[in-house]
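Participant: Sequence:
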Amino acid sequence: MKLFFLLSICSCLALKACSQPTPCVSPPWITGGISTSTKDGAKTSSGVFTYDGWGQQVRFRNFEAEHNSTHLTDLLMNFKQKVVYEIDHATQTCKKKTLETSFHPMQVPPNSLFFGQAIMGTTSVPAGGVLVNNWRVGEITEIQANYMLVFAEYTCLPITALIHRPDQGWTAMSFFNQVLTVVDPSEFIPPAFCQNVASEETDSTDFIRAIQSVI
Numbered sequence: 051m052k053l054f055f056l057l058s059i060c061s062c063l064a065l066k067a068c069s070q071p072t073p074c075v076s077p078p079w080i081t082g083g084i085s086t087s088t089k090d091g092a093k094t095s096s097g098v099f100t101y102d103g104w105g106q107q108v109r110f111r112n113f114e115a116e117h118n119s120t121h122l123t124d125l126l127m128n129f130k131q132k133v134v135y136e137i138d139h140a141t142q143t144c145k146k147k148t149l150e151t152s153f154h155p156m157q158v159p160p161n162s163l164f165f166g167q168a169i170m171g172t173t174s175v176p177a178g179g180v181l182v183n184n185w186r187v188g189e190i191t192e193i194q195a196n197y198m199l200v201f202a203e204y205t206c207l208p209i210t211a212l213i214h215r216p217d218q219g220w221t222a223m224s225f226f227n228q229v230l231t232v233v234d235p236s237e238f239i240p241p242a243f244c245q246n247v248a249s250e251e252t253d254s255t256d257f258i259r260a261i262q263s264v265i
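Its first residue numbered 51, the sequence shown is counted upward by one per residue in my numbering.
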């Protein structure tokens, strides 16, 4: 009887451990849509992103709306080279800055706190919803930012992210229409008019500041 009771407890603990989602790393190549909101919603943007986890590079192309005006922004980050390009296609010019932060793969960091699961969409019809996990990430010291993340359970793809920095406020990001490939590898090659641009030695940035400067 005691053995049966002990086995029952072990089984319950095992089932609980199995049912608890664990932090995960996203697939190495992703192309998809992204929408953002900063400055308490006064500044919004929508566009596409291309992510290469193995090559440690990311590109964002966004149509930004602020004060009833809209314009295209283009940001190319190469973490191996520690450089970020702010690309202006209208004027055919580039700003090249030093990228201070190291590469962090798209992931739920190992120290994240699991908040719970939910269905985005509906369970009333087949394939009408997506099972997602909610996470809280403690402060990432390197960029002094706190995160709230929502990731898909089965694919470990990002769904939403809330990022807060004391000096920048909140940034909300939503991801959609994601495919597990880099559709166009040339996305990570700077335009010809950027090739010979010198780095602005007195101007450096990190991942969050760079994103918030163009979205």
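Just so you know, not all the hints are guaranteed correct.
As the list claims (entries may be wrong) - Derived Cβ-Cβ restraints for the label pairs, each shown as a range:
hint: 1; residue 1: Asn196; residue 2: Leu230; range: 42 to 52 angstroms
hint: 2; residue 1: Trp104; residue 2: Phe164; range: 24 to 34 angstroms
hint: 3; residue 1: Thr173; residue 2: Ala248; range: 48 to 58 angstroms
hint: 4; residue 1: Thr143; residue 2: Pro176; range: 42 to 52 angstroms
hint: 5; residue 1: Thr173; residue 2: Thr143; range: 20 to 30 angstroms
hint: 6; residue 1: Thr141; residue 2: Val98; range: 42 to 52 angstroms
hint: 7; residue 1: Gly219; residue 2: Arg186; range: 33 to 43 angstroms
hint: 8; residue 1: Glu189; residue 2: Phe238; range: 35 to 45 angstroms
hint: 9; residue 1: Asn246; residue 2: Ser69; range: 52 to 62 angstroms
hint: 10; residue 1: Pro235; residue 2: Gly188; range: 14 to 24 angstroms
hint: 11; residue 1: Gly219; residue 2: Ser174; range: 32 to 42 angstroms
Said to hold, decoys possible - 25 angstroms max Cα-Cα, derived BS3-like pairs, lysine-lysine:
hint: 12; residue 1: Lys146; residue 2: Lys132
hint: 13; residue 1: Lys145; residue 2: Lys132
hint: 14; residue 1: Lys130; residue 2: Lys93
hint: 15; residue 1: Lys145; residue 2: Lys130
hint: 16; residue 1: Lys146; residue 2: Lys93
hint: 17; residue 1: Lys130; residue 2: Lys146
Just so you know, the hints here were simulated from the structure itself, not pulled from any lab data.
Only a predicted model underlies this, so the values are computations on that prediction, with no experimental measurement involved.
Positions of the beta carbon are idealized from the N, C-alpha and C atoms, including for glycine.
Participant: Next step is simple, just say for each hint if it's right about the structure.
Facilitator: To see whether the hints hold, each was checked on the structure:
no.	hint	verdict
1	Asn196 - Leu230: 42 to 52 angstroms	violated (28 angstroms)
2	Trp104 - Phe164: 24 to 34 angstroms	holds (27 angstroms)
3	Thr173 - Ala248: 48 to 58 angstroms	holds (56 angstroms)
4	Thr143 - Pro176: 42 to 52 angstroms	holds (51 angstroms)
5	Thr173 - Thr143: 20 to 30 angstroms	violated (50 angstroms)
6	Thr141 - Val98: 42 to 52 angstroms	violated (21 angstroms)
7	Gly219 - Arg186: 33 to 43 angstroms	violated (18 angstroms)
8	Glu189 - Phe238: 35 to 45 angstroms	violated (30 angstroms)
9	Asn246 - Ser69: 52 to 62 angstroms	holds (56 angstroms)
10	Pro235 - Gly188: 14 to 24 angstroms	violated (35 angstroms)
11	Gly219 - Ser174: 32 to 42 angstroms	holds (37 angstroms)
12	Lys146 - Lys132	holds (10 angstroms)
13	Lys145 - Lys132	holds (14 angstroms)
14	Lys130 - Lys93	violated (30 angstroms)
15	Lys145 - Lys130	holds (18 angstroms)
16	Lys146 - Lys93	holds (24 angstroms)
17	Lys130 - Lys146	holds (15 angstroms)
Of the numbered hints listed earlier, those contradicted by the structure are 1, 5, 6, 7, 8, 10 and 14.
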